[in-house]
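Chains as they are written, first to last, in the UniProt record's numbering: chain A, 1 to 584; chain B, 1 to 584.
There may be inaccurate statements among the hints.
Any copy will do: because identical chains look the same in the list, a pair fits if it lies in one copy or spans two.
Taking lysine to aspartate or glutamate pairs in the DMTMM-like style, the calculated list, with each CA pair at most 25 angstroms apart, reads [said to hold, decoys possible]:
(1) K508 to E310
(2) K352 to E538
(3) K557 to D396
(4) K211 to E427
(5) K557 to E466
(6) K316 to E494
(7) K578 to D458
(8) K508 to D574
(9) K578 to D469
(10) K465 to D553
(11) K465 to E506
(12) K557 to D469
No lab work stands behind these hints: they were computed from the structure.
Everything numeric in this text was worked out from a predicted model, so none of it was measured.
Number of protein chains: 2
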Amino acid sequence: MVEHFVLSAKTFAQQLVRYLPLTKWIATYQRKTFADDLIAGIIVAILLIPQGMAYALLAGLPPQYGLYASILPLALYALLGSSRTLAVGPVAIASLMVNSALSEIAFSGPEAYINAAINLSMLVGLILLGLRLLNLGSIVNFISHSVISGFTSAAALIIAITQLKHLLGIEFPREAYVSNTLIQLMRHLPEINPWTLLIGGLSLSILWLSKGPLCHFLKAMYTPSWLQEALCKSGPMFAVLFGSLFTFGLGESSGVNKVGFIPQGLPDLSLGVINFSLWESLFVPAFLIALIGYIESVSVGTALASRRRERIDPNKELVALGVANLGAAFSGTYPVAGGFGRSMVNFSAGAKTTIASLISAMLVAIFLLFFTPLFYYLPKSTLAAIIIMAVLPLIDLGSFRHSWRFNQGDALTLLLTFTAVVVFGVEIGILSGILLSITILLYRTSQPHIAIVGRVGDSEHFRNKERHDVQTCKSILAIRIDESLYFANTRYVESFVLRHVSQQHEIKDVVLICAAINFIDASALETLENMAHHLQNEGVTLHLSDVKGPIMDQLNKVRFREQLGDGQIFFTTDQAIKTLERRD
Amino acid sequence: MVEHFVLSAKTFAQQLVRYLPLTKWIATYQRKTFADDLIAGIIVAILLIPQGMAYALLAGLPPQYGLYASILPLALYALLGSSRTLAVGPVAIASLMVNSALSEIAFSGPEAYINAAINLSMLVGLILLGLRLLNLGSIVNFISHSVISGFTSAAALIIAITQLKHLLGIEFPREAYVSNTLIQLMRHLPEINPWTLLIGGLSLSILWLSKGPLCHFLKAMYTPSWLQEALCKSGPMFAVLFGSLFTFGLGESSGVNKVGFIPQGLPDLSLGVINFSLWESLFVPAFLIALIGYIESVSVGTALASRRRERIDPNKELVALGVANLGAAFSGTYPVAGGFGRSMVNFSAGAKTTIASLISAMLVAIFLLFFTPLFYYLPKSTLAAIIIMAVLPLIDLGSFRHSWRFNQGDALTLLLTFTAVVVFGVEIGILSGILLSITILLYRTSQPHIAIVGRVGDSEHFRNKERHDVQTCKSILAIRIDESLYFANTRYVESFVLRHVSQQHEIKDVVLICAAINFIDASALETLENMAHHLQNEGVTLHLSDVKGPIMDQLNKVRFREQLGDGQIFFTTDQAIKTLERRD
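Work out the full structure: start from the sequences and follow the hints.
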């Protein structure tokens, strides 16, 4: 009985380690590690509080919702996530996507809007968990790097443009398209509030100064590294303090737009009103928010983990991010993800484990309980400045130049995704980027590279006769097809072979080198059979060589060898050419 | 001046040959060839007249419209087409597709329906010509053989089911879905007209008898082959004669549904009312009709041409079929294509050139001018029998069995296309088949076959160590990736390599054999660079071997070699392994 209990306790412990990565290292957790985590946790919190409020405004929600999204979701990720340094919470890109997904609901009033945001969080969480359950996490692989890159740049640009009105102190209703936002900006330009613009400009300067020059100065002064780290990352907090004091000093008559009253206290844990008809219309945006959030989190997490020879588990990330988003829904707020900026800060501030995140979450909770009244005078233009400084580095022109040089199809995808996101919005943009990248892929494989090869010197090696100095035999046409054979390219290959045979009457044997053929589908099999018969009618024999194991198995199943007539399937091209040369 | 004229006349002649394939052989046309073409033309006309009327009914049009589609389009194809024996005209599958495309317009009355059919022909013609102009004919390659096969079987089944009501003499309005048609059939079963059923049954028997037993009998009796051919193919005409006489004998009281009055005379050449708002809603069905019609025509044409060592030019076919469909629009009727059945008859009846088609067209015109009153008593059940006998051979179970054995992905596509066409209709069915075949392709390439290879004996040949008896070296991991590297599989490959390296601590060198890598995109390049750095951190060096020319060019452009650190790019795997073994 006792034994059984011990056994099941052991199994339970194993299960715990399996599902809660935190339990793996918590037993050996040391005071020194805690000190590191504490400092990192504090630094991230100092960044997180102003960013959280700013991103909530970007998502179209009151500022406290960004803070609500920074407590429970962080804590849940800290328990379940496989990355030790990923900082989960409200992020800029997801905030923009939420704004765009809910833009139509904005007309039904703020309560409906908040409720829709909660439903969106729930949906994002369930989609992530669903992908894990169905083992479909690899679906994100179909969003190419070019699509992500084009989308991120475009989203950053859109975010920066939407913040201009706050920076200038202009008021106009939100617009669905960037072009309209720009038109509105032009139209309302005379209404600029000079105080707002001044505060915004000074906030931008403070942010820029604390990022670059201040850091260099502190380094030059041999400041202790933890202090240096803390001061360098506190730019947003400095800007917030400055902006609030300035606005307070100006008094109410200045017309500067303030954050105003932020309700004190933690969010109520509830689930809002679950609205299934809403789920239907929110499914596509939720899916995209889930995928993009997951990709961003996993890539940041992987990059950071590899610097410390740790690894992250993409499947655990699906679960952790899924549960974190359900946590956001329970906290009555909008979807979260692992952010690039704060994760980098967390890592470089020395965070060793997810305890750092728990500390950040706790500090945000304390802030919500006691200190929100301090931010009554916080001007929105300061928050806009924080957002703009956070997203500008995401606009990545280098990536376009690099991919243009390497492969123009990728560059085209990047460009189209960027343009489509800017012109038609987030969802259409991403979807058309994905579509284009798949179309380019299909187009490419539909017209494969085909090389006529010959023997390199006396070796057993055969290479393209156009690129290398090789020996060929007039009666043998040795062709290497650099692509799997399937429905989209089978006719192209067939006409290549038949054209060459009809042009050179000396050819008696055609050897199809299958070293690069990784797969043959039913359409291609039929074409191969037809081609063999066709060639036979013209007195030419078709042979194969270098056929890979999996394909040979397939061909044997349908007795392809019999279709070849006098043709043979050779183990290597070398054997094929030697045998055929001897025969002639 | 004269010289210039001669020159331009020569150029003109060359252009003529280029655009009118007919001019190539017309100069050497002989009396013997004409005799062959004449017989084939007559036989095809005998088949075409009843089939044309039947298919028009299937398309939801009065019977004469099938005949209208059998004059000008045939003549135009005869001038422009590169196939000498393809029989263009109304075909069963396109008729079904037209019916399905126009089903919603049926409620606006017969005139609107006919006008929509004319617009559809125009659209199909313009799409085919547009594909030629944009050089996009290869787009049809993306419709896999499995999709075509599943679609054709399903369409044949649907056609047979829709004809049952005519065969039974039941009347009910057309239904969009097969399931509803079946329900209606059950509901109206008590209303069967016994005379209609009798005529239908006898028509089926006549068709069956003339196809099989009659032919065998004639062969056994040593009948001259032209007569034998003509009598064997005249089943539909016999059925028509029998049905008409029988119905005439029964008198009006029998309640047998007749074709009735067919207006005498050729179609007016006009263009109907061009309706651009209609074009918008008809675009997708028109696109599918164009593609499917083109694929059917080209495959039949290719099959027949190859039997006589002729070749057809897919680009010329696009033009010829496009113009033929514009001809259909001018004749005030519905889209045409190259049909499987009549083309086979044309070929086996001995047609040598497209003169045979011109003769068929002329005979149909003569029929329309003088003989339509003869068909007043033609029962619709006979036409239904003709359709059913024509489409039943298209239901192809063997193709499913074959592809199930060779490759289950293809079999799945076939099955899904078949099911979706039967359940959801023609357009959704084809589109979901295409989507599935592309998804399967992407899924397959996203998880490529990866082999750890070793040297075969003392050769320079390296093969999978799981399949062959090969020599490997403990400190070298030689991996052959059997797929191009691109966004969807790059993470899969990376984790495969890293997993193997972390499991075997003896590994010092990783050789990536790129013989089967036909392409590397920007996402994959980034992954390769990351992987190289990652491995270097763990004291392992990444090398490449057997890199193909086009990829080497690409890698050189971005100075990939520098990213490899100590790693090298070897010309062959043999050199790589020899060099690395020596070094250890």
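Against the structure, the hints:
| no. | hint | in the structure |
| --- | --- | --- |
| 1 | K508 to E310 | between (58 angstroms within a copy, 20 angstroms between copies) |
| 2 | K352 to E538 | between (72 angstroms within a copy, 21 angstroms between copies) |
| 3 | K557 to D396 | between (51 angstroms within a copy, 20 angstroms between copies) |
| 4 | K211 to E427 | neither (33 angstroms within a copy, 58 angstroms between copies) |
| 5 | K557 to E466 | between (36 angstroms within a copy, 20 angstroms between copies) |
| 6 | K316 to E494 | between (47 angstroms within a copy, 18 angstroms between copies) |
| 7 | K578 to D458 | both (12 angstroms within a copy, 17 angstroms between copies) |
| 8 | K508 to D574 | within (17 angstroms within a copy, 31 angstroms between copies) |
| 9 | K578 to D469 | both (19 angstroms within a copy, 23 angstroms between copies) |
| 10 | K465 to D553 | between (31 angstroms within a copy, 16 angstroms between copies) |
| 11 | K465 to E506 | within (18 angstroms within a copy, 39 angstroms between copies) |
| 12 | K557 to D469 | between (39 angstroms within a copy, 23 angstroms between copies) |
Checked against the numbered hints above, the structure violates only hint 4.
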